[in-house]
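Participant: Chains as they are written, first to last, in this note's numbering: chain L, 36 to 400; chain Z, 235 to 316; chain V, 32 to 463.
Think of the hints as simulated: they come from the structure by calculation, not from any bench. Source: prediction; values computed, not measured. Even for Gly, the Cβ is constructed at its ideal location relative to N, Cα and C. Just so you know, not all the hints are guaranteed correct.
To be verified - Listing some non-contacts, in silico: residues in chain V with all C-beta distances to chain Z over 12 Å:
| no. | residue |
| --- | --- |
| 1 | Arg69 |
| 2 | Arg139 |
| 3 | Trp148 |
| 4 | Arg211 |
| 5 | Phe212 |
| 6 | Arg246 |
| 7 | Phe360 |
| 8 | Ala362 |
As the list claims (entries may be wrong) - Listed below are several chain L residues computed to face chain Z (Cβ distance under 7 Å; list not exhaustive):
| no. | residue |
| --- | --- |
| 9 | Asp251 |
| 10 | Pro326 |
| 11 | Gln328 |
As the list claims (entries may be wrong) - Reference listing, derived: stretches of chain V covered by chain L, where coverage requires no fewer than 3 residues with Cβ under 8 Å from a Cβ of chain L:
| no. | stretch |
| --- | --- |
| 12 | 302-314 |
| 13 | 326-333 |
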Amino acid sequence: MSHYDLIVVGAGIIGAACADCASAEGMKVAVVEPGSVGGGSTASSMGHLVALDGLPAELALAKYSMELWQSLADLPQAQYHRCGTLWLAADDADLARIPAKLARLAAGGVVAQAVDAASLRGLEPQLVSGLAGGVLVPDDGAVYPPAVAMHLIERACQRGAVLYHERVVRLEAGGVLLHDRSRLHGAVLVATGCALAELLPELPLQPRKGHLVITDRYPGLIRHQLLQMGYADSAHGEVDSSVAFNVQPRPGGQLLIGSSRENRSTTREVSMPMVQRMLQRAFEFLPGLRPLQALRIWTGLRPVSVDGLPYLGRVPDRPGVWVAAGHEGLGITTSLGSARLLVDQLLGREPAIDPRPYDPARVAA
Amino acid sequence: MSGERVSVQVNGIAVQIVSGSSVAAAIAWLGVPSRRSVSGQWRAPLCGMGVCFECRVSIDGVAQQRACMVPVREGMQVRTDD
Amino acid sequence: MTERYDVLVVGAGPAGLSAARAAAGHGARVGLIDAQARGGGQVWRHDVVRAEASSVPRALTRVIARARVEFLAQTQVVAAARGILLVEDTRGARSLQTAAVILATGARELVLPFPGWTLPGVTGAGGLQALAKQGWPLAGKRVVIAGSGPLLLAAAASARSHGAQVLGIHEQASAAAVLRFAGGLWRWPSKASQALRLRAQLAGIRYRCSSVVLRALGDDRVRAIELDGPGGRQQTECDQLAVGYGLLPNLELPQALGCDLENDGAHPQVRTDDRQCTSVTGVFAAGEICGIGGRDAAVVEGAIAGHAAVGEVSALQALQRRRQHQRAFAAHLQRYFALDSRVLALAEPETLVCRCEDVPLHALDGHLDARSAKLATRCGMGACQGRICGSALAAMGRFPRGDLRPPFFPARLATLGDTNFPADFNPGGVSP
Chain L
36 MSHYDLIVVG AGIIGAACAD CASAEGMKVA VVEPGSVGGG STASSMGHLV ALDGLPAELA
96 LAKYSMELWQ SLADLPQAQY HRCGTLWLAA DDADLARIPA KLARLAAGGV VAQAVDAASL
156 RGLEPQLVSG LAGGVLVPDD GAVYPPAVAM HLIERACQRG AVLYHERVVR LEAGGVLLHD
216 RSRLHGAVLV ATGCALAELL PELPLQPRKG HLVITDRYPG LIRHQLLQMG YADSAHGEVD
276 SSVAFNVQPR PGGQLLIGSS RENRSTTREV SMPMVQRMLQ RAFEFLPGLR PLQALRIWTG
336 LRPVSVDGLP YLGRVPDRPG VWVAAGHEGL GITTSLGSAR LLVDQLLGRE PAIDPRPYDP
396 ARVAA
Chain Z
235 MSGERVSVQV NGIAVQIVSG SSVAAAIAWL GVPSRRSVSG QWRAPLCGMG VCFECRVSID
295 GVAQQRACMV PVREGMQVRT DD
Chain V
32 MTERYDVLVV GAGPAGLSAA RAAAGHGARV GLIDAQARGG GQVWRHDVVR AEASSVPRAL
92 TRVIARARVE FLAQTQVVAA ARGILLVEDT RGARSLQTAA VILATGAREL VLPFPGWTLP
152 GVTGAGGLQA LAKQGWPLAG KRVVIAGSGP LLLAAAASAR SHGAQVLGIH EQASAAAVLR
212 FAGGLWRWPS KASQALRLRA QLAGIRYRCS SVVLRALGDD RVRAIELDGP GGRQQTECDQ
272 LAVGYGLLPN LELPQALGCD LENDGAHPQV RTDDRQCTSV TGVFAAGEIC GIGGRDAAVV
332 EGAIAGHAAV GEVSALQALQ RRRQHQRAFA AHLQRYFALD SRVLALAEPE TLVCRCEDVP
392 LHALDGHLDA RSAKLATRCG MGACQGRICG SALAAMGRFP RGDLRPPFFP ARLATLGDTN
452 FPADFNPGGV SP
């Protein structure tokens with residue numbers, strides 16, 4: 036009863052995707068989660084599905100994963116919204132980066148087209164005038180992650196996976212020790228996000244705090260997800276704190292406004308000065324945001340690895356232990372691809388994309 | 235001053251109402267509900283004191299205002315959901 | 032722009048007005064904040080139709096009129112930190128600094144879900160009274176009042192005085208309980224005489240005990256209701272149903288400031304000492320948020336808080352004796368109008384519990400806690416941030432009410448984005 040082919044530790048979007056994928060391959064799966072399914076970083080996240088081209092390996096995983104997301108597009112609770120992304124060039128310096136961006140996206144197999152300044156307001160009437168131009172990525176979208184995580188776990192359980200409302204206190208040879216002193220035996224996949232250090236301290240993982248603000252419903256006001264060209268710089272930057280413009284229209288018309296990143300904050304408390312900075316940046320692109328009603332502000336923690344790419348694969352020097360964690364702000368997008376990559380490696384199959392950039396062994400090197 | 239009447243437009247229709255009344259009252263005088271819920275049901279004020287948010291309408295072009303908390307003003311343009 | 036006050040009072044109902052007057056009487060610079068355009072709260076709400084009906088006592092309006100108290104009308108507290116309130120009004124937003132805060136945020140109504148409760152024409156009981164006073168058309172309308180507590184009588188009297196035809200008042204408590212409540216009123220003469228006045232105003236209106244509205248019927252608005260009482264079930268046609276099951280303290284701001292709560296009453300309330308000081312230094316509380324006790328308790332507690340907030344204690348002893356007497360009324364009230372368990376179970380599986388996001392009761396099944404239910408169903412994620420559904424679910428014993436984070440009410444993005452917050456502004460936190 037306590038022997039499994041795979042013990043997935045953590046039921047956020049990553050763990051849920053892995054449990055679903057592994058169980059679909061006929062593996063006998065256990066999932067161990069002390070809180071609610073999808074209740075951690077997954078619940079705080081923006082839910083965007085973005086072909087982010089900051090790093091080639093990041094784009095490859097995102098593109099692969101977004102193809103897999105198509106299979107969940109019709110799931111009602113996923114609230115999948117193919118809103119596309121409109122990247123915005125604020126000035127000539129941003130504009131000069133567009134050709135390279137288009138080349139990277141093309142090389143990654145992502146459909147994208149340049150948008151000139153004159154066409155921007157036609158695509159998105161609320162934008163401030165005077166922007167230099169942009170890039171439209173029509174296949175990007177957004178989902179509601181907690182409901183997807185719950186669905187994936189339910190699907191896994193329908194195939195015989197067992198969900199333990201428990202906490203893993205220690206990894207042991209051949210399995211895990213739970214808080215109630217019982218043991219589960221089998222290969223272990225650690226997908227605990229920001230809590231990675233508790234079980235795998237050798238894999239550097241920093242929590243990076245972000246703020247989000249959601250408004251009341253304004254249907255049709257914003258049509259695309261909007262991102263400023265420098266967003267990836269913020270995501271991969273090293274400074275203590277940064278903001279980068281990001282607005283997502285939810286299917287019901289609410290607007291989700293981000294983004295902020297802080298490396299040194301240790302609490303989940305909302306920082307009003309940080310929210311102010313983030314909104315000031317947003318007003319620069321969308322001055323029409325000012326009179327809109329904000330309903331809620333919250334924070335979330337992004338799990339950041341040594342180099343901004345997730346750890347996906349065997350953990351060095353720990354036989355039978357695997358890891359899928361460290362996705363920074365791209366966890367929702369890359370969840371399904373991460374799971375497939377992991378399970379392919381578990382089964383000794385050739386993964387669809389090169390797994391080496393995500394190899395946990397790179398840390399020691 | 236009580237007794238003085240104010241004229242506001244609700245969905246383009248003029249409503250005369252006692253000065254100091256709320257926009258919610260003006261809408262009720264017209265006999266229409268204030269908003270449609272997310273699944274399309276008609277709704278009208280429940281609490282009368284700004285807590286339930288069922289009375290949200292657009293006032294002078296600004297959406298999502300709680301009508302029960304806003305006194306009418308001469309010439310106000312109010313739009314409910316349709 | 033930051034302005035400095037000696038005392039900021041949040042809420043301009045009986046407790047807040049009384050507090051502002053007491054503090055200003057000692058020369059303090061007092062700011063009185065209220066989301067409404069005029070002071071009075073709910074109990075003393077200005078009646079635009081029957082302006083001759085007295086509302087706020089003259090002594091209190093005089094204090095404000097003489098500019099000894101700055102009345103910040105149509106102003107909401109959006110966020111709060113130690114000694115600072117971020118407020119938004121119709122034109123913009125400001126940070127207000129203060130040495131002391133007096134919280135007098137009053138109460139809202141407990142409305143419990145039942146089939147048809149979302150139909151236009153269904154309001155709270157206090158809700159109907161508030162709507163009537165703000166000019167809602169009631170003349171000739173057939174109104175049923177239901178729920179629990181003396182508020183039903185006040186609501187019925189308001190409805191009648193605004194021209195409504197009140198078909199009946201349906202109290203869920205038993206006749207025995209109501210009689211015992213009434214029988215004990217002699218200890219509070221002003222309340223006894225108020226009760227007699229109400230009885231006179233309500234002559235000819237049926238008052239039924241052990242009577243509950245099971246459902247509201249209608250297509251696009253309420254047309255009839257189904258009642259269940261000692262005589263069995265019956266349907267009654269009506270134009271408005273006003274139903275409220277008692278009052279709930281508005282605790283969002285006290286909780287956000289870190290004030291300890293206690294469970295002495297029917298619902299959680301703010302714990303204070305005999306100077307109306309909460310567990311947080313510099314934060315005082317008065318009125319319904321300290322326990323549902325009515326207008327007279329609010330007035331005396333407001334006065335205590337106002338004096339104490341500026342360090343003037345000479346007047347306190349006499350006030351504290353009066354307070355004790357009024358608080359005994361609160362206990363008396365709570366004792367006889369406790370909610371029968373059947374009113375907590377009126378909702379059917381398809382009945383919407385969350386009105387903002389249209390979440391039916393059955394969608395909440397199988398969730399172990401409020402947070403997971405919220406994440407899965409969106410219950411509580413809408414504009415009211417769980418004030419209606421969360422309070423109902425807590426009363427129904429499903430999930431306890433969680434904390435509310437800023438913004439405490441929806442705020443313009445400009446308020447959050449254009450205000451200069453000091454670097455150490457820590458909303459809701461007492462400690463950094």
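Participant: Test the statement that Trp148(V) is away from the interface with chain Z: the closest C-beta pair must be farther apart than 12 Å.
Facilitator: For Trp148(V), whose nearest Cβ neighbour in chain Z is about 8 Å away, the distance does not exceed 12 Å, so it is violated.
Participant: Is the interface hint for Pro326(L) satisfied, with its Cβ closer than 7 Å to some Cβ of chain Z?
Facilitator: 6 Å, holds
Participant: With a cut-off of 7 Å on the beta carbons, see whether Asp251(L) makes it to chain Z.
Facilitator: 4 Å, holds
Participant: Does Arg211(V) clear chain Z by more than 12 Å, comparing its Cβ with all Cβ atoms of that chain?
Facilitator: About 30 Å separates Arg211(V) from the closest Cβ of chain Z, which puts it past 12 Å; holds.
Participant: Would you check whether the claim that Arg139(V) is not at the interface survives, using Cβ distances to chain Z and the 12 Å cut-off?
Facilitator: Violated, because the least Cβ-Cβ distance between Arg139(V) and chain Z comes to about 5 Å, which does not exceed 12 Å.
Participant: Over 12 Å to the closest beta carbon of chain Z is the bar; see if Arg246(V) clears it.
Facilitator: 16 Å, holds
Participant: Checking C-beta pairs, does the stretch 326-333 of chain V have three or more residues closer than 8 Å to chain L?
Facilitator: Since three or more residues must qualify, the claim that chain L covers the stretch 326-333 of chain V is violated, with 0 doing so at under 8 Å.
Participant: Taking C-beta pairs only, is Phe360(V) more than 12 Å away from all of chain Z?
Facilitator: Given a closest Cβ separation of 23 Å, the condition holds.
Participant: Compute the least Cβ-Cβ separation between Phe212(V) and chain Z, then decide whether it is above 12 Å.
Facilitator: The claim holds: Phe212(V) sits with its nearest Cβ about 25 Å from chain Z, beyond 12 Å.
Participant: Regarding the hint that Gln328(L) lies at the interface with chain Z, is the smallest CB-CB distance below 7 Å?
Facilitator: 5 Å, holds
Participant: A cut-off of 12 Å on Cβ-Cβ distance, and Arg69(V) was said to be off the interface with chain Z. Does that hold?
Facilitator: 8 Å, violated
Participant: Can we confirm that no CB of chain Z comes within 12 Å of the CB of Ala362(V)?
Facilitator: About 26 Å separates Ala362(V) from the closest Cβ of chain Z, which puts it past 12 Å; holds.
Of the numbered hints given earlier, the model fails hints 1, 2, 3, 12 and 13; all others are met.
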